[in-house]
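Student: Just so we're on the same page, the numbering used here is the position in the sequence shown counted from 1, plus 381.
Hints listed in this document are in silico derivations from the structure and should not be mistaken for laboratory results. Do not take every clue at face value.
To be verified - Label pairs and their computed distance ranges (CB to CB):
hint: 1; residue 1: Ala-656; residue 2: Thr-541; range: 42 to 48 Å
hint: 2; residue 1: Gly-657; residue 2: Arg-597; range: 41 to 47 Å
hint: 3; residue 1: Ala-656; residue 2: Asn-472; range: 32 to 38 Å
hint: 4; residue 1: Ala-626; residue 2: Ala-656; range: 19 to 25 Å
Fair warning: this is a prediction, and the values are worked out from it, not measured in the lab. Even glycine gets a Cβ: it sits at the ideal position worked out from N, Cα and C.
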Amino acid sequence: MELRHSFGGPLRACLGRRPCRRRRLGRGPDGVPAEVLTGARSPTVVTFAKSRLGFCEEVGAVPASAASDGHRYLALGDSVPFGFSPLLNANDAHDFVGYPEKVAQLLDIKDVNATCPGEATGGFLSLTGTDNVCRPYRASFPLHVEYQGSQMSFALRYLTGHRNTKLITLTLGANDFFRFQKDCAAGANVGTCPLGLGGVFATMRANLTSILSQIRAAGYDGLIVAVTYYSLSYSDPASVGGALALNGQMIAAAAANGALVASGFNAWQATALAAGGDSCAAGLLIALPTGGCDVHPTPLGRNLLAGEVISTIAASCPAHDAVTCLNRG
382 MELRHSFGGP
392 LRACLGRRPC
402 RRRRLGRGPD
412 GVPAEVLTGA
422 RSPTVVTFAK
432 SRLGFCEEVG
442 AVPASAASDG
452 HRYLALGDSV
462 PFGFSPLLNA
472 NDAHDFVGYP
482 EKVAQLLDIK
492 DVNATCPGEA
502 TGGFLSLTGT
512 DNVCRPYRAS
522 FPLHVEYQGS
532 QMSFALRYLT
542 GHRNTKLITL
552 TLGANDFFRF
562 QKDCAAGANV
572 GTCPLGLGGV
582 FATMRANLTS
592 ILSQIRAAGY
602 DGLIVAVTYY
612 SLSYSDPASV
622 GGALALNGQM
632 IAAAAANGAL
642 VASGFNAWQA
652 TALAAGGDSC
662 AAGLLIALPT
672 GGCDVHPTPL
682 GRNLLAGEVI
692 STIAASCPAH
702 DAVTCLNRG
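From just these sequences and the hints, can you work out the full model?
Tutor: Written out as C-alpha coordinates, the structure is:
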(Lines of atoms letter the chains of each structure in order from A; the text may use other names.)
(Lines give C-alpha, C1' and ligand atoms only; values in the text may rest on other atoms or scores of the structure.)
Protein backbone atom coordinates (compact mmCIF):
# COMPACT_ATOMS: atom_id res chain seq x y z
CA MET A 382 0.00 0.00 0.00
CA GLU A 383 1.25 3.45 -0.85
CA LEU A 384 -0.02 6.81 0.32
CA ARG A 385 1.45 9.68 -1.63
CA HIS A 386 2.05 13.09 -0.10
CA SER A 387 -1.23 14.83 -0.70
CA PHE A 388 -2.42 17.51 1.67
CA GLY A 389 0.37 19.01 3.79
CA GLY A 390 2.77 20.67 1.43
CA PRO A 391 5.57 23.11 2.20
CA LEU A 392 4.71 26.35 3.97
CA ARG A 393 4.10 28.83 1.34
CA ALA A 394 -8.87 30.87 -5.20
CA CYS A 395 -11.02 32.93 -5.66
CA LEU A 396 -13.43 32.84 -8.57
CA GLY A 397 -12.44 34.94 -11.53
CA ARG A 398 -13.64 38.50 -11.35
CA ARG A 399 -14.36 38.88 -15.05
CA PRO A 400 -18.02 39.61 -15.80
CA CYS A 401 -20.04 36.47 -16.47
CA ARG A 402 -23.11 36.15 -18.61
CA ARG A 403 -26.04 34.69 -16.70
CA ARG A 404 -28.23 31.90 -17.98
CA ARG A 405 -30.55 29.36 -16.48
CA LEU A 406 -29.26 25.83 -16.20
CA GLY A 407 -31.00 22.69 -15.12
CA ARG A 408 -27.98 21.73 -13.09
CA GLY A 409 -25.65 23.72 -10.90
CA PRO A 410 -21.85 23.77 -10.93
CA ASP A 411 -20.27 20.36 -11.32
CA GLY A 412 -23.61 18.72 -11.96
CA VAL A 413 -25.38 19.58 -8.70
CA PRO A 414 -29.11 19.73 -9.55
CA ALA A 415 -30.64 23.12 -8.79
CA GLU A 416 -33.52 21.45 -6.98
CA VAL A 417 -31.04 19.89 -4.56
CA LEU A 418 -30.02 23.38 -3.52
CA THR A 419 -33.41 25.06 -3.39
CA GLY A 420 -36.09 22.39 -3.16
CA ALA A 421 -38.27 21.18 -6.02
CA ARG A 422 -41.20 23.35 -4.89
CA SER A 423 -39.18 26.45 -4.16
CA PRO A 424 -39.71 29.50 -6.41
CA THR A 425 -36.06 30.42 -6.01
CA VAL A 426 -34.06 30.50 -9.23
CA VAL A 427 -30.43 29.52 -8.95
CA THR A 428 -28.39 30.83 -11.85
CA PHE A 429 -24.96 29.79 -12.94
CA ALA A 430 -22.61 31.07 -15.59
CA LYS A 431 -19.19 30.01 -16.69
CA SER A 432 -16.41 32.51 -17.22
CA ARG A 433 -13.03 32.06 -18.85
CA LEU A 434 -11.54 31.74 -15.37
CA GLY A 435 -13.90 29.09 -14.02
CA PHE A 436 -17.36 28.86 -12.52
CA CYS A 437 -18.96 32.12 -11.48
CA GLU A 438 -22.00 31.28 -9.38
CA GLU A 439 -24.83 33.46 -8.22
CA VAL A 440 -27.33 32.05 -5.78
CA GLY A 441 -30.72 33.73 -5.87
CA ALA A 442 -32.37 34.95 -2.69
CA VAL A 443 -33.77 32.01 -0.73
CA PRO A 444 -37.43 32.41 0.34
CA ALA A 445 -37.98 33.12 4.03
CA SER A 446 -39.69 29.74 4.44
CA ALA A 447 -36.57 27.90 3.33
CA ALA A 448 -33.69 30.22 4.14
CA SER A 449 -30.84 29.38 6.47
CA ASP A 450 -30.97 32.95 7.80
CA GLY A 451 -29.30 33.28 11.17
CA HIS A 452 -27.86 29.78 11.10
CA ARG A 453 -24.15 29.11 11.23
CA TYR A 454 -21.69 26.62 9.75
CA LEU A 455 -18.40 25.62 11.40
CA ALA A 456 -15.68 24.24 9.10
CA LEU A 457 -12.89 22.22 10.71
CA GLY A 458 -9.79 20.48 9.40
CA ASP A 459 -6.61 20.99 7.39
CA SER A 460 -5.33 22.71 4.25
CA VAL A 461 -7.99 21.27 1.93
CA PRO A 462 -10.97 23.07 3.54
CA PHE A 463 -8.65 26.01 4.28
CA GLY A 464 -8.29 26.47 0.52
CA PHE A 465 -4.50 26.51 0.59
CA SER A 466 -2.59 27.25 -2.61
CA PRO A 467 1.20 27.56 -2.96
CA LEU A 468 0.62 30.24 -5.60
CA LEU A 469 -1.01 32.73 -3.25
CA ASN A 470 0.33 35.09 -0.60
CA ALA A 471 0.04 33.32 2.75
CA ASN A 472 0.03 36.67 4.54
CA ASP A 473 -3.56 37.29 3.43
CA ALA A 474 -5.90 34.49 4.50
CA HIS A 475 -8.77 36.06 2.55
CA ASP A 476 -7.10 34.94 -0.67
CA PHE A 477 -7.64 31.29 0.23
CA VAL A 478 -11.09 29.96 -0.66
CA GLY A 479 -11.90 26.38 0.31
CA TYR A 480 -14.94 24.21 -0.22
CA PRO A 481 -16.59 25.54 3.00
CA GLU A 482 -16.96 28.99 1.45
CA LYS A 483 -18.69 27.47 -1.59
CA VAL A 484 -20.96 25.34 0.61
CA ALA A 485 -21.88 28.41 2.65
CA GLN A 486 -22.62 30.38 -0.50
CA LEU A 487 -24.84 27.65 -1.93
CA LEU A 488 -26.73 27.19 1.35
CA ASP A 489 -26.93 30.93 2.08
CA ILE A 490 -25.43 30.36 5.52
CA LYS A 491 -22.66 32.08 7.48
CA ASP A 492 -19.50 29.99 7.72
CA VAL A 493 -16.69 30.19 10.25
CA ASN A 494 -13.62 28.46 8.83
CA ALA A 495 -11.34 27.39 11.70
CA THR A 496 -9.14 25.12 9.59
CA CYS A 497 -5.34 25.11 9.67
CA PRO A 498 -2.92 23.98 6.92
CA GLY A 499 -0.88 21.00 8.07
CA GLU A 500 -3.21 20.10 10.94
CA ALA A 501 -2.91 16.49 12.14
CA THR A 502 -5.46 14.76 14.36
CA GLY A 503 -3.24 14.91 17.45
CA GLY A 504 -2.50 18.60 16.98
CA PHE A 505 -6.21 19.25 16.43
CA LEU A 506 -6.95 17.86 19.89
CA SER A 507 -4.07 19.48 21.76
CA LEU A 508 -1.26 21.97 21.22
CA THR A 509 1.09 19.29 22.52
CA GLY A 510 -0.28 16.61 20.18
CA THR A 511 1.50 15.29 17.10
CA ASP A 512 1.55 18.02 14.46
CA ASN A 513 2.67 18.23 10.86
CA VAL A 514 3.03 21.93 9.97
CA CYS A 515 -0.02 23.65 11.46
CA ARG A 516 1.77 25.11 14.48
CA PRO A 517 4.63 26.66 12.47
CA TYR A 518 2.11 27.89 9.91
CA ARG A 519 0.04 29.58 12.64
CA ALA A 520 3.18 31.17 14.05
CA SER A 521 4.02 32.75 10.70
CA PHE A 522 0.75 33.32 8.84
CA PRO A 523 -2.87 34.19 9.65
CA LEU A 524 -5.72 31.70 9.60
CA HIS A 525 -9.27 32.52 8.54
CA VAL A 526 -10.13 32.66 12.25
CA GLU A 527 -7.61 33.55 14.94
CA TYR A 528 -7.58 31.56 18.19
CA GLN A 529 -4.97 30.77 20.82
CA GLY A 530 -5.65 27.16 21.76
CA SER A 531 -6.20 24.00 19.76
CA GLN A 532 -8.73 23.74 16.97
CA MET A 533 -10.69 21.36 19.22
CA SER A 534 -10.91 23.86 22.05
CA PHE A 535 -11.97 26.59 19.64
CA ALA A 536 -14.69 24.37 18.18
CA LEU A 537 -16.13 23.55 21.59
CA ARG A 538 -16.10 27.20 22.68
CA TYR A 539 -17.69 28.25 19.43
CA LEU A 540 -20.49 25.70 19.70
CA THR A 541 -21.20 26.73 23.28
CA GLY A 542 -21.59 30.34 22.21
CA HIS A 543 -23.45 29.68 18.94
CA ARG A 544 -26.33 27.30 19.53
CA ASN A 545 -27.75 28.20 16.12
CA THR A 546 -24.96 26.25 14.39
CA LYS A 547 -26.61 23.87 11.92
CA LEU A 548 -23.65 22.36 10.06
CA ILE A 549 -20.13 21.18 10.82
CA THR A 550 -17.75 19.77 8.22
CA LEU A 551 -14.48 18.01 8.98
CA THR A 552 -11.61 17.02 6.68
CA LEU A 553 -8.66 15.68 8.67
CA GLY A 554 -6.17 12.82 8.87
CA ALA A 555 -3.84 13.08 5.88
CA ASN A 556 -1.24 15.01 7.86
CA ASP A 557 -0.92 12.11 10.31
CA PHE A 558 0.45 10.08 7.44
CA PHE A 559 2.70 12.88 6.19
CA ARG A 560 4.21 13.27 9.65
CA PHE A 561 4.77 9.50 9.77
CA GLN A 562 6.40 9.67 6.34
CA LYS A 563 8.77 12.46 7.43
CA ASP A 564 9.60 10.77 10.74
CA CYS A 565 10.51 7.51 9.02
CA ALA A 566 12.67 9.36 6.51
CA ALA A 567 14.60 10.79 9.47
CA GLY A 568 15.07 7.43 11.17
CA ALA A 569 13.30 4.23 12.16
CA ASN A 570 13.06 5.34 15.79
CA VAL A 571 12.01 8.94 15.15
CA GLY A 572 8.61 10.30 16.19
CA THR A 573 5.67 8.26 14.97
CA CYS A 574 7.73 5.89 12.79
CA PRO A 575 7.93 3.12 15.44
CA LEU A 576 4.11 2.90 15.36
CA GLY A 577 4.13 1.58 11.82
CA LEU A 578 1.43 2.53 9.33
CA GLY A 579 -1.13 0.36 11.10
CA GLY A 580 -0.44 2.11 14.38
CA VAL A 581 -0.69 5.54 12.74
CA PHE A 582 -4.06 4.61 11.26
CA ALA A 583 -5.28 3.29 14.62
CA THR A 584 -4.24 6.53 16.34
CA MET A 585 -5.84 8.56 13.59
CA ARG A 586 -9.14 6.71 13.96
CA ALA A 587 -9.08 7.08 17.74
CA ASN A 588 -8.38 10.81 17.48
CA LEU A 589 -11.09 11.38 14.87
CA THR A 590 -13.54 9.46 17.03
CA SER A 591 -12.57 11.59 20.02
CA ILE A 592 -13.03 14.81 18.04
CA LEU A 593 -16.51 13.88 16.87
CA SER A 594 -17.58 12.47 20.23
CA GLN A 595 -16.49 15.66 22.01
CA ILE A 596 -18.56 17.70 19.56
CA ARG A 597 -21.59 15.53 20.34
CA ALA A 598 -20.90 15.64 24.08
CA ALA A 599 -20.95 19.44 23.90
CA GLY A 600 -24.64 19.17 23.04
CA TYR A 601 -24.39 19.65 19.29
CA ASP A 602 -27.01 17.46 17.61
CA GLY A 603 -26.99 19.06 14.16
CA LEU A 604 -25.47 17.82 10.93
CA ILE A 605 -21.83 16.78 10.86
CA VAL A 606 -20.43 15.98 7.42
CA ALA A 607 -17.08 14.21 7.29
CA VAL A 608 -15.50 15.08 3.94
CA THR A 609 -12.98 12.46 2.84
CA TYR A 610 -9.97 12.85 0.54
CA TYR A 611 -9.62 12.51 -3.21
CA SER A 612 -6.96 10.49 -5.02
CA LEU A 613 -4.13 12.08 -6.97
CA SER A 614 -4.42 9.25 -9.50
CA TYR A 615 -7.45 7.08 -10.13
CA SER A 616 -5.52 4.86 -12.54
CA ASP A 617 -2.78 3.93 -10.04
CA PRO A 618 -3.89 1.08 -7.73
CA ALA A 619 -1.40 2.13 -5.04
CA SER A 620 -2.72 5.69 -4.98
CA VAL A 621 -6.33 4.52 -4.96
CA GLY A 622 -5.66 1.96 -2.23
CA GLY A 623 -3.85 4.49 -0.09
CA ALA A 624 -6.63 7.07 -0.37
CA LEU A 625 -9.29 4.50 0.49
CA ALA A 626 -7.31 3.23 3.50
CA LEU A 627 -6.88 6.79 4.75
CA ASN A 628 -10.55 7.59 4.23
CA GLY A 629 -11.59 4.43 6.03
CA GLN A 630 -10.45 5.89 9.34
CA MET A 631 -12.73 8.93 8.96
CA ILE A 632 -15.64 6.80 7.77
CA ALA A 633 -15.40 4.60 10.86
CA ALA A 634 -15.24 7.59 13.20
CA ALA A 635 -18.20 9.21 11.45
CA ALA A 636 -20.31 6.07 11.75
CA ALA A 637 -19.66 5.94 15.50
CA ASN A 638 -20.88 9.51 16.01
CA GLY A 639 -23.87 9.94 13.73
CA ALA A 640 -22.00 11.93 11.09
CA LEU A 641 -22.65 11.87 7.36
CA VAL A 642 -19.83 11.13 4.91
CA ALA A 643 -19.30 13.18 1.76
CA SER A 644 -16.88 11.24 -0.42
CA GLY A 645 -14.13 13.42 -1.80
CA PHE A 646 -12.88 10.31 -3.58
CA ASN A 647 -16.15 9.87 -5.46
CA ALA A 648 -16.49 13.60 -6.09
CA TRP A 649 -13.39 13.67 -8.30
CA GLN A 650 -13.48 10.19 -9.77
CA ALA A 651 -15.50 10.74 -12.96
CA THR A 652 -13.67 13.95 -13.90
CA ALA A 653 -10.27 12.37 -13.28
CA LEU A 654 -11.12 9.20 -15.21
CA ALA A 655 -12.17 11.32 -18.19
CA ALA A 656 -8.54 12.53 -18.22
CA GLY A 657 -7.06 9.06 -17.97
CA GLY A 658 -7.34 8.93 -14.18
CA ASP A 659 -4.87 11.77 -13.58
CA SER A 660 -6.30 14.41 -11.22
CA CYS A 661 -3.60 16.84 -12.36
CA ALA A 662 -4.38 16.46 -16.06
CA ALA A 663 -8.09 16.78 -15.26
CA GLY A 664 -7.54 20.27 -13.85
CA LEU A 665 -8.48 19.24 -10.31
CA LEU A 666 -5.07 20.00 -8.79
CA ILE A 667 -3.23 23.33 -8.83
CA ALA A 668 -0.74 23.47 -11.73
CA LEU A 669 2.74 24.62 -10.73
CA PRO A 670 4.82 27.03 -12.84
CA THR A 671 7.68 24.52 -12.70
CA GLY A 672 5.50 21.76 -14.14
CA GLY A 673 3.26 19.15 -12.62
CA CYS A 674 0.73 19.89 -9.94
CA ASP A 675 0.51 20.71 -6.27
CA VAL A 676 -1.64 18.43 -4.13
CA HIS A 677 -4.33 21.02 -3.35
CA PRO A 678 -7.58 21.55 -5.27
CA THR A 679 -8.17 24.05 -8.03
CA PRO A 680 -11.47 25.98 -8.02
CA LEU A 681 -12.91 23.12 -10.08
CA GLY A 682 -11.71 20.54 -7.57
CA ARG A 683 -12.96 22.65 -4.68
CA ASN A 684 -16.38 23.07 -6.30
CA LEU A 685 -16.70 19.33 -6.80
CA LEU A 686 -16.04 18.81 -3.09
CA ALA A 687 -18.63 21.46 -2.23
CA GLY A 688 -21.12 19.80 -4.55
CA GLU A 689 -20.56 16.47 -2.82
CA VAL A 690 -21.28 18.08 0.55
CA ILE A 691 -24.50 19.63 -0.78
CA SER A 692 -25.64 16.34 -2.34
CA THR A 693 -24.83 14.43 0.86
CA ILE A 694 -26.90 16.84 2.94
CA ALA A 695 -29.77 16.68 0.44
CA ALA A 696 -29.80 12.88 0.56
CA SER A 697 -29.98 12.86 4.36
CA CYS A 698 -33.70 13.59 4.70
CA PRO A 699 -36.92 12.76 2.81
CA ALA A 700 -37.15 16.22 1.25
CA HIS A 701 -33.97 15.62 -0.79
CA ASP A 702 -33.38 19.36 -0.50
CA ALA A 703 -30.20 20.61 1.14
CA VAL A 704 -31.72 23.72 2.73
CA THR A 705 -34.73 21.84 4.12
CA CYS A 706 -32.53 19.04 5.42
CA LEU A 707 -30.24 21.57 7.09
CA ASN A 708 -33.17 23.24 8.82
CA ARG A 709 -35.02 20.12 9.91
CA GLY A 710 -33.54 20.12 13.42
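Student: Against each hint, give a clear statement of whether it holds in the structure.
Tutor: Status of each hint after checking the structure:
no.	hint	result
1	Ala-656 - Thr-541: 42 to 48 Å	45 Å, holds
2	Gly-657 - Arg-597: 41 to 47 Å	42 Å, holds
3	Ala-656 - Asn-472: 32 to 38 Å	34 Å, holds
4	Ala-626 - Ala-656: 19 to 25 Å	24 Å, holds
Violated hints: none; the structure is consistent with every hint.
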